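In the order they appear, the protein sequences are chains A and B.
Residues 1 to 319, numbered by our numbering, are exactly what the first sequence covers, in order.
Residues 1 to 319, numbered by our numbering, are exactly what the second sequence covers, in order.
Just so you know, these hints were derived from the structure itself, not from any lab.
Identical copies go unnamed one by one, so any copy, or any two together, can satisfy a pair.
Below, in silico cross-link-like pairs of lysine to any residue (SDA-like), each with a Cα-Cα straight-line distance of 25 Å or less:
| id | residue 1 | residue 2 |
| --- | --- | --- |
| 1 | Lys-297 | Ser-280 |
| 2 | Lys-97 | Lys-297 |
| 3 | Lys-297 | Glu-54 |
| 4 | Lys-97 | Arg-236 |
| 5 | Lys-97 | Glu-138 |
| 6 | Lys-97 | Asp-234 |
| 7 | Lys-297 | Trp-285 |
Remember, it's a predicted structure, so these values are computed and weren't measured experimentally.
Number of protein chains: 2
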Amino acid sequence: MAVYTHLGAEDLASLIAEYDVGGLISAKGIAEGISNSNWLIETERGRYILTMYERRIDLADLPFFLGLLDHLSERGCAVPRTIHDRTGAAWREMGGKAVALIEFLPGVSVDRPTAAQAHAVGAALAQVHLAGLDFALERDNALGVAQTAGTLAHYDAMALGQINPVLPGVVAVATDVRDRWPGDLPRSVCHTDLFPDNVLMLGDAVSGMIDFYFACNEAMAYDLAVTHAAWSFDRRGSNFAPAIGAALIDGYDAVRPLQDDERAALPVLAQGACLRFVASRAEDWLDTPTDALVTRKDPMDYVRRLNFYAEAGQGAFAS
Amino acid sequence: MAVYTHLGAEDLASLIAEYDVGGLISAKGIAEGISNSNWLIETERGRYILTMYERRIDLADLPFFLGLLDHLSERGCAVPRTIHDRTGAAWREMGGKAVALIEFLPGVSVDRPTAAQAHAVGAALAQVHLAGLDFALERDNALGVAQTAGTLAHYDAMALGQINPVLPGVVAVATDVRDRWPGDLPRSVCHTDLFPDNVLMLGDAVSGMIDFYFACNEAMAYDLAVTHAAWSFDRRGSNFAPAIGAALIDGYDAVRPLQDDERAALPVLAQGACLRFVASRAEDWLDTPTDALVTRKDPMDYVRRLNFYAEAGQGAFAS
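Bound-form chain A, shown alone (with noise of 0.2 Å):
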């Protein structure tokens, strides 16, 4: 949530007159992404964002991200398409790092979803699933169940212990989800972080999904595991909101109907979702210095929706 770099007014005017989109009007550098810097452009044209990407991103998956962008937004999904520069290239080098110029949507994240948002949002993952079948590029999850259980073991029992007693017990936790996981359910491309942060509202409508830097070929069933886990709780979660959670799956079960084999596996798929959270920020934990000015975020979060998880099973995903 920063800008990594500074960008004057003739850095920006003559990166802008590289597209045809009009002279430069205004540009505000934005708190949004983690991974990059973003500014706010207005031409004579309209608006845009401006990414640069600063770290974490392998230039390699550029491709696929901004071109996915281009193959949702045309296919209907709510997803900014990426504005190309005359010559067609998707993104330029600056400064020797990449940028690219991405269409601006209204809308503003909701912290507090109501049902019919919820409702909003899984049908909006269902239609970029849908839509995501015929990308014709592919990107493996570098977070899957498997990543996110050799993280965990990774790291010494110790180590866990000083984030929280608990954490060193969930690593055999992890090594049993990764066990239990199904491998057959049906893939396409998927967002694997659909946070409320990453999703603009208009009303109850989904008027843009944003940040697809994780996205991946994944289980679909998956992905609608990870936003169950992110939308339908509290931000500790302690508390678990059942008609949130039910909302969420009736609005993609509308634009594409469950199959069983998904619907069975919901439970282990959500536990996998949680601990791909505790593992991450176990992980940012640890490699952050205690007297960072950066606000770490609580592993035990993800922990407490594990066992809600665990527990509730099936009743997790009850309409």
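We have chain A; now place chain B onto it with these hints.
Using the frame of chain A, we list chain B on its own:
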């Protein structure tokens, strides 16, 4: 340069409902301002900057800061006006913090100003000074030459010397500049921080001056000297651009002709301006842990300017 507080759609919508600006369409936290959080807000009626005052700002100063914007914009200065709520209030409280809604102005900040741009900035600054003459409220300069000399003298030579070996010698310069400070120059409301970052431009025209949170009653020629020091050098202060400095003064003089005593005082005022930034940067440097993620600004950038002004005398301000 950060957003210190999370505001979701619900918080923003209920805040915006207190103003006559229509419904909320978009909100992006922007990386601007050092003492507050800012969002670029779009509503059905237009675009606005929402500012939340986080720290460093004394709430007792808000009537001065926000009233000044209205006062200057009513008099045709390129300054955003304050949007008042339905009760007429210039700011509201939200979660225990003061927030204000401010007009959005187009334009981008330049890194390498042209003479034409510097001329426009000088003229815009003179307009602020003239328009500020009848502003009813007053605010002392908390970073005047006496405070600057005091701040530098407060550190022991060892601490300053650890930043740079020449810094301890600057303490005596500050005392000398304080003692030579002219006491009777004409005063008005001054911005005192009109760096390129705080000026929005469209081509050669000034479309907005922003961030008036150091504004105070001061000698107008001092404000011109601050702006001269901020605009007429490369970032490190190693190279003076005489054409830029001359254009800035000419632009100012065309709108508000400088008095002879003001012109005569420019060399010492410019040294005072440099010392103000040496002092605040030294303070930030010594207060910032060495392993913090924040980039510390080098006080030496302004020691180099200080030395230039001391050596060049009136030569720095020749047309």
